[in-house]
Amino acid sequence: MRKCNVEVRQLRFVVTAAEEGSLRRASSKLGVRESTISRKIRDLEDALGSSLFIRRRSGVLLTQAGENFVRRAECALTQIEYAIREVGAIGRGGSGVIRIGLFSSLATGFVAELIARFGKHHSEVQLEFVEGDHIELIPAIRRHELDIAFVTEPLEVAGFNSVRFWTEQVYVVVAQGDPLARQSEISFDDIRYRRFIVTEVAPGRDIESFLFRNLSALGHRPDILRDSVSRQTLMQLVACGRGITLASDSVVEARFAGVEYRPLTGCFIPFCGIWSDENDNPAFRRFLSVANTLAKVRDGFATGDSRTSQLIADSAKSTFSA
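The sequence shown begins at 197 in the numbering used here and counts up one residue at a time.
Honestly, the hints are just simulated from the structure, not real lab data. A few of these clues could be false.
Distance ranges between label pairs, derived from CB positions [as the list claims (entries may be wrong)]:
hint, residue 1, residue 2, range
1, Arg268, Val493, 50 to 60 angstroms
2, Arg438, Ser383, 16 to 26 angstroms
3, Gly373, Arg339, 38 to 48 angstroms
4, Asn201, Arg338, 21 to 31 angstroms
5, Arg268, Glu396, 50 to 60 angstroms
6, His340, Val202, 48 to 58 angstroms
7, Gly217, Arg268, 18 to 28 angstroms
8, Arg268, Leu323, 34 to 44 angstroms
9, Gln275, Leu323, 21 to 31 angstroms
10, Arg391, Ile331, 22 to 32 angstroms
11, Asn488, Val326, 20 to 30 angstroms
12, Gly217, Asn475, 23 to 33 angstroms
13, Gly462, Tyr389, 12 to 22 angstroms
14, His340, Arg267, 35 to 45 angstroms
Quick reminder that beta carbons are idealized off the backbone N, C-alpha and C, glycines included.
All chains should be modelled from the sequences, with the hints used to inform the complete structure.
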């Protein structure tokens with residue numbers, strides 16, 4: 197088959213001339229000189245090896261080949277116009293896809309509010325989610341499989357940006373009948389000899405690292421059991437007395453039957469968003485702007501609360517991260 201190079205404007209000239217039945221009226225409608233339209237259509241006919249129009253003094257009439265060509269050209273122009281609008285919307289951040297990595301305990305709280313706020317004003321943008329911990333999520337960002345990941349503690353990674361967005365209180369989760377449930381809050385010294393249970397999946401590894409760092413400082417190696425279960429099943433195991441575990445504000449908001457949550461004295465977790473310097477996704481930039489605005493509203497340390505700021509600073513070295 198002979199290769200034929202066709203310009204988009206040639207298609208537009210042919211379709212408009214067919215609609216108007218006249219090169220002169222097509223010229224007036226498009227704001228292009230009639231001689232230019234006539235020449236471009238002639239060039240196209242020469243390239244195709246077939247006449248598209250019968251030319252008369254009163255105007256133009258499509259040949260059978262022209263009718264077939266115009267029918268397909270109209271479809272092509274519609275698809276091109278749709279593609280232009282779609283790409284333009286993506287470029288403005290009005291549509292597109294944002295891929296978000298979530299630390300498993302972030303189904304509520306800041307991230308839930310962020311998703312709701314963003315979706316309210318950017319409903320055409322599709323959000324996709326992957327759950328995991330920073331060991332899994334950071335490489336996914338590097339491979340451009342994720343736009344952003346929300347993880348614990350700001351991480352310094354070459355080629356990445358990291359911003360702290362919010363903080364959460366750390367809680368000890370115990371069975372309702374546990375003696376610790378009678379306390380208003382719990383210290384590390386209270387739990388140093390207790391058995392802990394964590395999940396094999398996120399955030400189990402981060403909680404385990406957190407416990408080792410903090411209890412090792414007290415001269416004790418923590419007793420930790422790992423179970424390949426969901427967070428909901430883990431809470432049921434706590435309720436059954438298999439052990440205790442740790443959680444943050446977002447987990448506490450979810451509420452599970454048979455367990456009690458008590459604050460771990462003076463212990464807060466800073467959470468951050470991390471993304472690649474190379475990310476040029478316009479929709480993601482809008483998402484990031486909404487996240488920054490929300491952080492200013494919600495974060496205690498951003499409002500000048502000096503006590504909260506100091507507690508965060510004191511506990512930043514002992515967060516759920518490896």
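Next item on the list: Against the structure, test the hints numbered earlier, and report the numbers of the ones violated in rising order.
Entry: 4, 6 and 12
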